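Listed here are the chains, written in short residue letters.
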Amino acid sequence: MIELKGVKKSFGKHEVLKDVSIKVEEGEVVVILGASGSGKTTFLRCINFLEKADEGTMQFGDKTIDFKTAKKNEILHVRRHSAFVFQNYGLFANKTALQNVMEGLTQVQKKSKAEAEKIAKETLDWVGLSDRYDYYPSQLSGGQQQRVGIARAIALKPEVILFDEPTSALDPELVGEVLDLIKKVAQMGITMLVVTHEMSFAQDVADKVIFMDAGVVVEEGKPDEIFVNPKEERTRQFLSRIISLEPMYNI
Amino acid sequence: MVFKISAFLESFLSAIKYAHVTIELTAISFVISLFLGLIIATIRHFKVKVLSQIFAAFITIYMGLPMMVAIVLYNLIFMTCYPDIALKLHINIPISEINPIFIGYFALIMGYTCILSESIRGAYRGVANVQFEAGYSIGMTKLQTLRRIILPQMVPILLPGMQNSLIGLLKASNLVSAISIIEIMNGALLPSVRYYSYLEGYVAAALVYWIIGATIEILAHYLEGRVGNYNKKSEYKTGRTEESIDRIKRSEEKLWQA
Chain A
123 MIELKGVKKS
133 FGKHEVLKDV
143 SIKVEEGEVV
153 VILGASGSGK
163 TTFLRCINFL
173 EKADEGTMQF
183 GDKTIDFKTA
193 KKNEILHVRR
203 HSAFVFQNYG
213 LFANKTALQN
223 VMEGLTQVQK
233 KSKAEAEKIA
243 KETLDWVGLS
253 DRYDYYPSQL
263 SGGQQQRVGI
273 ARAIALKPEV
283 ILFDEPTSAL
293 DPELVGEVLD
303 LIKKVAQMGI
313 TMLVVTHEMS
323 FAQDVADKVI
333 FMDAGVVVEE
343 GKPDEIFVNP
353 KEERTRQFLS
363 RIISLEPMYN
373 I
Chain B
262 MVFKISAFLE
272 SFLSAIKYAH
282 VTIELTAISF
292 VISLFLGLII
302 ATIRHFKVKV
312 LSQIFAAFIT
322 IYMGLPMMVA
332 IVLYNLIFMT
342 CYPDIALKLH
352 INIPISEINP
362 IFIGYFALIM
372 GYTCILSESI
382 RGAYRGVANV
392 QFEAGYSIGM
402 TKLQTLRRII
412 LPQMVPILLP
422 GMQNSLIGLL
432 KASNLVSAIS
442 IIEIMNGALL
452 PSVRYYSYLE
462 GYVAAALVYW
472 IIGATIEILA
482 HYLEGRVGNY
492 NKKSEYKTGR
502 TEESIDRIKR
512 SEEKLWQA
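So the protein lines, in turn, are chains A and B. Residue numbers for the first sequence follow the working numbering, so the first one is 123 and each next one is one higher. Residue numbers for the second sequence follow the working numbering, so the first one is 262 and each next one is one higher.
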């Protein structure tokens with residue numbers, strides 16, 4: 123479904139991605155783990171062209187796109203068949219929850235206003251915000267904003283949803299509601315690529331876990347393999363550090 | 262010294278009669294400057310190659326030019342060059358019959374395009390980058406994102422500065438009196454020349470400017486109250502929802518039991 127090969131990206135002299143290749147099958151939930159600065163967010167942003175990769179190719183559905191020479195219509199094609207959930211929600215500040223979800227339906231998919239409104243309301247109901255249609259993002263809690271963000275993504279019926287640390291800007295007590303919702307999305311069978319620090323979530327939901335460090339994929343495999351029997355020393359170090367921190371979150 | 266009410270009234274009426282010149286000069290220059298300023302600011306914000314550097318250099322140079330100097334300078338250039346150009350293009354209108362107001366328009370638009378483009382550039386920076394990215398991520402084009410997401414969010418940021426600039430432009434339009442265009446001030450002084458009632462004339466001009474200025478202020482404050490309400494947290498007071506507070510309570514109970 124999506125296959126990326128040899129993705130490279132530098133910010134000035136700092137090489138963030140050094141030849142990253144991954145493959146995501148249709149309906150698969152892939153979780154990317156890694157310490158801060160390992161390049162996982164940059165990699166995810168490159169897929170949606172929010173960051174321009176310097177080199178590499180992407181097979182998206184039946185299209186093959188070279189990052190170096192990506193044309194406007196190729197970029198639009200990828201963006202129109204994928205959705206992105208931002209770390210800091212990225213809701214349109216000047217639009218209500220309902221308008222946020224409707225925007226892509228009316229402007230990009232050219233649906234009629236009535237039809238878009240119907241879909242948007244159904245989606246907001248589905249994420250548990252049926253009483254928040256007319257609230258502006260500034261009037262919603264972080265967890266509610268992120269649920270609107272997820273509603274905006276799934277309302278467009280994308281082939282793949284990219285989650286960029288969807289819970290790391292949230293207060294600890296709000297993380298649960300968003301993770302539960304992402305699990306619900308995963309159960310719908312949408313292809314997902316999730317960058318996160320939530321280990322137990324990764325263990326529960328992922329079909330495949332990819333561990334990145336210093337701009338390369340160190341290890342990938344089924345969650346059980348990665349969490350129980352990591353082959354690489356770097357993965358082991360990372361996991362032991364995170365898991366020793368984990369109980370602090372559970373208080 | 263006596264303040265002659267009759268002379269003042271005559272000056273006031275005369276100023277009102279020519280007020281349309283000032284208002285047109287201000288309004289039209291403002292709208293055109295705003296439009297050009299938006300284009301320049303957009304080019305500079307997106308760092309369009311070559312053009313953005315040219316505009317940056319031009320604005321740096323032009324911003325230092327006082328409006329009065331610009332108006333008189335353009336007028337002099339026009340008067341020096343007109344005979345040659347008229348001869349070449351076979352125009353038979355004598356220079357005395359050409360209304361120099363277009364020089365006023367040109368100078369005001371040039372000056373205020375620079376000023377407004379800087380304000381608009383500031384407003385671009387005031388909109389979070391993720392707002393662009395969110396637009397792109399759902400598949401909107403750059404133009405769609407600008408029109409539907411970014412520009413509406415720039416309006417509340419821009420309003421106070423725009424009100425400032427509009428009043429500045431109103432006052433700057435007074436400088437075209439230097440090239441003998443009859444606007445509010447010259448209009449108010451027309452009777453003064455006859456009766457030597459300059460104090461009355463200037464007071465009348467000041468009063469008319471003040472009325473227009475106050476109207477702009479009131480309108481702008483009214484607009485400020487109407488625009489950008491989405492940033493007010495009127496309905497929502499804390500970052501916590503009832504359910505999340507519930508959850509905190511539940512986890513606290515668990516902790517106590519343990």
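Treat the hints with care, as some may be off.
Claimed, not checked - 25 Å max Cα-Cα, derived BS3-like pairs, lysine-lysine:
(1) 279(A) to 243(A)
(2) 308(B) to 194(A)
(3) 174(A) to 310(B)
(4) 279(A) to 403(B)
(5) 432(B) to 130(A)
(6) 243(A) to 185(A)
Hints in this document: simulated from the structure, not taken from any laboratory. Predicted model only: the values in this text are computed from it and were never measured.
Worksheet item: Of the numbered hints stated previously, which ones are contradicted by the structure, given in increasing order?
Response: Numbers 5 and 6, in rising order.
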